[in-house]
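Trainee: These are the residues of each chain, in order.
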Amino acid sequence: MAAPSSGRVVSSFQKKGQGKGIQIAGTRPSLHNGQLLLSTGIPSLDHILGGGVAVGTILLIEEDVYTSFARLMLKYFVAEGVMCGHYSFLSSLDPNPDSLLTELPCPVESVLSTSQNVHPPGEVKGHGSSSGSSEKMVIDKGSQGNMEIAWRYQNLPQLKTELATSPNIFGHVYDLTKTMPGNKIDKEKLWCYQHCQTSLDQETTSSQEDYVNSEEDTNAKFDHLFKEIKRVIDITGCNLQTVPNRTISSATKNILRLALLSLGSPLWGDSGSAEGNAAICQFLHQLRATIRKSLAACIITVPTHLFQQMYSRRIERLCDYVVRLESFAGEDKAPAFKEYHGLFHVVQIPRLNCLANYALDTEDLAFKLKRKKFSIEKIHLPPDLSETVSRSQGEHLKTVKGCGGGGASNTSLDF
Amino acid sequence: MATLLSQLIDGREGSQLIVLEDSVAHSGRALLRCITTELAYRLDQVHIFNFDTSPDVFINTIDTKVKNKLQCHDGWTNPLQWNLNSTNYRHNSLDISTSEDVFMRNVKKCNRDDSKRVCVVVDSLSPVLLRKSPTYVFNGLHRLINTNDLGFEVCLVVCLVHKDVHDESALCALEHLASTILTVSSYMSIMPLNEAPLGICNIVHKRRTGKVFKKKEGYSVDRDYRLITFPEETKQSVIKMEPPDQGDPTANLTFNLTLRESEKQARSEVVLPYTLSAKRKANELNPGGRIYYEPDEADDFDDEDPDDDLDI
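Top line first, the protein sequences correspond to chains A and B.
Take the first sequence: its letter number 107 is residue 107 in my numbering, and every next letter is one higher.
Take the second sequence: its letter number 122 is residue 122 in my numbering, and every next letter is one higher.
Hints are computed from structural coordinates only; laboratory data are not their basis.
Incorrect hints may have been included.
Said to hold, decoys possible - Computed cross-link-like contacts, DSSO-like style, restricted to lysine-lysine with a CA-CA straight-line distance of at most 27 Å:
no. : chain 1 : residue 1 : chain 2 : residue 2
1   : A       : Lys253    : A       : Lys338
2   : B       : Lys264    : B       : Lys216
3   : B       : Lys215    : A       : Lys370
4   : A       : Lys368    : B       : Lys211
5   : B       : Lys109    : B       : Lys163
6   : B       : Lys116    : B       : Lys65
7   : B       : Lys116    : B       : Lys132
8   : B       : Lys211    : A       : Lys333
9   : A       : Lys370    : B       : Lys214
10  : B       : Lys67     : B       : Lys116
11  : A       : Lys227    : A       : Lys178
12  : B       : Lys109    : B       : Lys65
13  : B       : Lys214    : A       : Lys333
14  : A       : Lys253    : A       : Lys184
15  : A       : Lys338    : A       : Lys373
16  : B       : Lys211    : A       : Lys372
17  : B       : Lys67     : A       : Lys333
18  : B       : Lys216    : A       : Lys338
19  : B       : Lys108    : A       : Lys368
20  : A       : Lys187    : A       : Lys370
21  : A       : Lys221    : B       : Lys215
22  : A       : Lys368    : B       : Lys69
23  : A       : Lys373    : B       : Lys109
24  : B       : Lys216    : A       : Lys221
25  : A       : Lys187    : A       : Lys230
26  : B       : Lys108    : A       : Lys333
27  : B       : Lys108    : A       : Lys372
28  : A       : Lys333    : A       : Lys378
29  : A       : Lys368    : A       : Lys333
30  : A       : Lys338    : B       : Lys109
31  : A       : Lys368    : A       : Lys378
32  : B       : Lys211    : A       : Lys370
33  : B       : Lys69     : A       : Lys338
34  : A       : Lys187    : A       : Lys373
35  : A       : Lys221    : A       : Lys333
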């Protein structure tokens, strides 16, 4: 537990003795308000949310117009659940949940454990370190050269736009170019739900798949989903209300992660109308009440761009954490954004058992999808070093007249 | 160079649901007929759901070689069962008055056993969307695209929609579901068909991987319903303003601004004031603390002694 030599804050603080909270694999207590946190699988998102998603809350991701990035974030969440050994519940109407499971990002095996990753910050390395989290603490002296005049600035660290700078890695590192092998996914801990329309009236002669009760109430669909969620919470023992004795050993407790993709999409019903919106609001209200009293956390993605502002605002108020993605797909980007794939807005962060919520240090965030990783960064505009900047005084050189006197002497002045 | 429109129709660019939006100003039916013909050449069977036109009129002008691959579902004559007596034996009659799904059920019913790859063309989706709830339509389309466990495979669904009769939210929701959206508008030109397009088609295509293409291409449909496409006009390349030839600004002056070699060398040897030289570094590192005192002339002047300033 060596303290680093510079003044950087490293949370290697460990309490002596048994904490009074429950300790479950894959969770850690929050530094701000003591809530139990889960990792979302994306370290920069964890940093933005104040360490992770608190157990008992709902994270709402307002989808980008073409849905691909929201789906990716959900896949990270599920993959993280698989790696931590948590129970997972996955629901989606449009892409089959089973096909989502085949696309989970593969965890990188060579990630060192947290204790080995604490590089003393003063150490200068000539090249990136070999572990997966190489960009955090490396100062590459070779690239800067020896500064002649500004030598006092030689040893300052370079500008970092990555957000998660703590050397303790909460959560696992993933590689997007590969998918998680099926044998890693523990089927015992996984529930998939895809609402299939079943006939409520058994007397029709047509076969069961044909009779689509599509005039079925949107309420009914959400009801089915909610009942299924409650059933799974009870089965996994995450329901804190039924456990009378809370001091049961932590060994038996586990977290349930719920991932609901594209809730409120057109296939769920007309959530853009007043009745449809009331249905989804009712569902979210019930869901939040249930989850508050269970060892569960939930991520929902909703295509709010299809709804009017007032309906989407209602949905936002019924969830705890709310983030919105705005992708640049298919559009011409402003040149300032050329390395980013979209903007990331944090709409709401909850106050959980405390007076003030976690405050971000910056609101201008953007996300980028690199080949292997999805990350969220501060928008950093590099200095504009192009030739055309402030060159207006360049033209004047041509019109400068000689300052040698009126032509009486032909000698050129020598400076 | 193949245009995105022709690639979508050929199947080189995969798509599951193509929504063709037209308006009063420019009808998309010609393009739809053309797409139907092309698909009939390529696939085993084409199911056509007619709600806007009579099926006979629709398939009238299509090439007779592929007519046997077309299966019309008649939603034009009697879709809501207002006329109880009439039955049309030539085409399969549709009934959208109940809440049963109309699309997949009829495709299954009328699919020939030997056709494995089928597609569905809907002309048009607007009456159904107006009559039934959007949820019904979306669920029906979703079932068409995603049912895999039957003997045949629905490769593509093409729907014509009249965008001026629907409200914004229904159209947005349909576009959200679709993988390709073609919006046609007219192009004013009297040139012959193979030189100038008949209409302009704005394409928004989403691939499964998440990449999105937005293109604007022209298309023409000739008498035999063959498609001619015109690729996108590339934006006029930005005329680069060359910076005017500066020349050497120090050349034609009456005074001399250039340096001789010896002067350049002398300049490089000048030590700038704040550079970290070895001597300075040594001073910073070993301060030492020596005091250098050189007495000034007036320093010996002593106030107390009045005779000190006598100079004898």
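Trainee: Hint by hint, say whether it matches the structure.
Mentor: Hint check:
no. : hint                : in the structure
1   : A:Lys253 - A:Lys338 : violated (46 Å)
2   : B:Lys264 - B:Lys216 : violated (59 Å)
3   : B:Lys215 - A:Lys370 : holds (25 Å)
4   : A:Lys368 - B:Lys211 : holds (14 Å)
5   : B:Lys109 - B:Lys163 : violated (30 Å)
6   : B:Lys116 - B:Lys65  : holds (19 Å)
7   : B:Lys116 - B:Lys132 : violated (30 Å)
8   : B:Lys211 - A:Lys333 : holds (15 Å)
9   : A:Lys370 - B:Lys214 : holds (22 Å)
10  : B:Lys67 - B:Lys116  : holds (17 Å)
11  : A:Lys227 - A:Lys178 : violated (35 Å)
12  : B:Lys109 - B:Lys65  : holds (24 Å)
13  : B:Lys214 - A:Lys333 : holds (13 Å)
14  : A:Lys253 - A:Lys184 : holds (21 Å)
15  : A:Lys338 - A:Lys373 : holds (17 Å)
16  : B:Lys211 - A:Lys372 : holds (17 Å)
17  : B:Lys67 - A:Lys333  : violated (47 Å)
18  : B:Lys216 - A:Lys338 : holds (23 Å)
19  : B:Lys108 - A:Lys368 : violated (44 Å)
20  : A:Lys187 - A:Lys370 : violated (30 Å)
21  : A:Lys221 - B:Lys215 : violated (38 Å)
22  : A:Lys368 - B:Lys69  : violated (47 Å)
23  : A:Lys373 - B:Lys109 : violated (47 Å)
24  : B:Lys216 - A:Lys221 : violated (39 Å)
25  : A:Lys187 - A:Lys230 : holds (19 Å)
26  : B:Lys108 - A:Lys333 : violated (46 Å)
27  : B:Lys108 - A:Lys372 : violated (43 Å)
28  : A:Lys333 - A:Lys378 : holds (17 Å)
29  : A:Lys368 - A:Lys333 : holds (13 Å)
30  : A:Lys338 - B:Lys109 : violated (52 Å)
31  : A:Lys368 - A:Lys378 : holds (11 Å)
32  : B:Lys211 - A:Lys370 : holds (14 Å)
33  : B:Lys69 - A:Lys338  : violated (49 Å)
34  : A:Lys187 - A:Lys373 : holds (26 Å)
35  : A:Lys221 - A:Lys333 : violated (39 Å)
Violated hints, listed in ascending order, are 1, 2, 5, 7, 11, 17, 19, 20, 21, 22, 23, 24, 26, 27, 30, 33 and 35; each of the other numbered hints is respected by the structure.
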